[in-house]
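J.: The sequence shown begins at 25 in this note's numbering and counts up by one.
Everything labelled a hint here was simulated from the structure, so no lab data went into it. Don't be surprised by glycine CBs; every beta carbon is placed ideally from N, CA and C. Only true hints are included.
Just the calculated beta-carbon pair ranges, DEER-fashion: (1) Pro44 - Ser115: 18 to 26 Å; (2) Tyr46 - His106: 27 to 35 Å; (3) Ser115 - Ala76: 14 to 22 Å; (4) Leu59 - Asn101: 25 to 33 Å; (5) Gln79 - Arg114: 16 to 24 Å; (6) Pro93 - Arg114: 17 to 25 Å; (7) Ser112 - Ala69: 18 to 26 Å; (8) Thr94 - Ser115: 16 to 24 Å; (9) His102 - Pro70: 13 to 21 Å; (10) His61 - Asp104: 29 to 37 Å; (11) Asn101 - Ser71: 14 to 22 Å; (12) Arg85 - His61: 12 to 20 Å.
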Amino acid sequence: MAPDMRGINLQKTIICIPNPLYHSFGWLVGELAALTHLRTCVFPAPSFEALATLQAVDEERCTVLYGTPTMFIDMLNHPDYHKYNYDSIRS
Numbered sequence: 025m026a027p028d029m030r031g032i033n034l035q036k037t038i039i040c041i042p043n044p045l046y047h048s049f050g051w052l053v054g055e056l057a058a059l060t061h062l063r064t065c066v067f068p069a070p071s072f073e074a075l076a077t078l079q080a081v082d083e084e085r086c087t088v089l090y091g092t093p094t095m096f097i098d099m100l101n102h103p104d105y106h107k108y109n110y111d112s113i114r115s
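With the sequences and hints as input, model every part of the structure.
T.: In structure tokens form, the structure reads like this:
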């Protein structure tokens, strides 16, 4: 149900999961929801890195970006934020 509510059941969904997989948000909400709906998962780094996440969204054309408010703040405040394209993000 949760993936359906966020529009993850749409075609060509590529989910960027920068959250650590040892936490329920990264594993249960992120990877498990994507796998049960047969969607592509992108893991930018072993643990959260703002730059790696920004690069992954741009290079992999991610359509969904998971994260916490603190992660989004870190990405928005990164000095290289404006070097990447985020037009693919829908959710």
